[in-house]
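Peer 1: Sequence:
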Amino acid sequence: MVTQKDVARQTGLSQTAVSLALRNSPEVSAETIRVVRLAARRLGYRPDPLISALMAQRHRRHKDSFRAKIAFLTAFPRRDEWKESDYSAGCFAGARQAAAERGYVCEPVWLREPGISAARLSGILWTQNVQGLLIAPLPVDFPPLDIEWAKFSALSLDYSLPRPVLSRVVDDHAFGIERVLDEVSRRGYRRPGLVLRASQDVRTHHSRLGVFLVQRRLRPDWEEIPPLILPEDRWNEELFAEWVRRERPDVVLTEEDRLPAFARSIGLRVPQELGIAFFYKEHPTHTLSGLQINSVEVGATAARILIRMIETNERGEARVPTTTLVQSFTWNDGRTLRRPVTR
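Here the sequence shown stands for residues 1 to 343, numbered as in the UniProt record's numbering.
There's no promise every hint is true.
[As the list claims (entries may be wrong)] Straight line, CA to CA, 20 Å or less: simulated DMTMM-like cross-link-like pairs of lysine to aspartate or glutamate:
hint, residue 1, residue 2
1, Lys151, Glu107
2, Lys151, Asp257
3, Lys151, Glu311
Calculated directly from the structure, the hints in this document are not laboratory data.
Source: prediction; values computed, not measured.
Using the sequences and the accompanying hints, generate a full structural model.
Peer 2: What follows is the structure in structure tokens.
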């Protein structure tokens with residue numbers, strides 16, 4: 001059985017340095033980590049799972065003694081505006097609870113604090129024993145974060161952070177659209193239309209739009225209606241009214257709360273003449289038909305993964321970035337869709 005002593009002998013390093021390198025410790029250089037991992041693979045070194053579990057337990061007890069922290073980074077124009085976002089607030093609640101269960105503290109940190117650059121913020125967080133960063137959804141025009149990423153384990157909660165390359169945890173947008181389309185089909189609709197804001201389409205890497213277009217092609221009894229992509233990051237009544245009159249969808253997939261009331265205001269009966277299905281609702285009322293997204297579970301899942309990264313010293317930019325998709329949805333029948341067709 002190959003041991004760390006063998007790897008140390010092969011590389012000419014001390015066993016302590018080898019141990020630190022195999023744990024991605026920031027106490028050794030990136031080059032040392034690369035050399036040690038290459039030698040370990042060449043020799044066929046495999047860590048003992050029982051020893052690894054024991055070390056993780058000791059690490060957690062050590063963390064409990066001085067309450068390691070996770071920072072929930074937000075960048076809304078106002079400090080507490082993230083609390084008004086169902087998704088961000090839900091993610092924080094889930095992350096805080098999951099972190100507490102493992103002895104960590106999760107606290108919100110505002111990236112727009114006056115007089116504090118992202119670079120300076122890195123030092124402040126480090127001195128406050130912040131070990132991990134959860135990046136909440138950022139505004140589309142927010143500048144790149146100049147954080148010393150090598151000091152922290154970090155995860156993103158959506159696709160809005162282009163650099164650096166981090167792993168992320170998000171709700172499964174594609175699965176959600178498929179579920180809504182299945183429900184629409186069960187109710188006999190054959191002319192589905194999709195309404196998206198351009199900014200949200202970019203944020204989700206076109207996953208909702210892509211699945212909608214593919215699923216429509218896979219259902220030969222459905223008529224093709226071009227999606228309405230709103231060019232501005234706000235609701236546009238004129239564009240929607242013109243699109244409905246021109247394309248005549250019998251059901252619309254959307255996340256716009258005001259759409260049912262506006263459809264009625266232009267003379268459409270909902271759901272008799274136009275069905276409306278919501279593919280994203282955090283707290284749907286009993287009247288709205290669609291998916292309820294459990295962002296609390298998204299945040300909890302992210303915190304658990306981040307804690308594992310902290311305890312294995314996975315810091316900085318992801319070497320092989322991963323995306324974890326959380327399928328935590330509940331269907332709400334509501335009143336904006338017809339009843340399912342009985343066969």
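Peer 1: None of the hints should be skipped; say for each whether it holds.
Peer 2: Hint check:
no.: 1; hint: Lys151 to Glu107; verdict: holds, 18 Å
no.: 2; hint: Lys151 to Asp257; verdict: violated, 41 Å
no.: 3; hint: Lys151 to Glu311; verdict: holds, 13 Å
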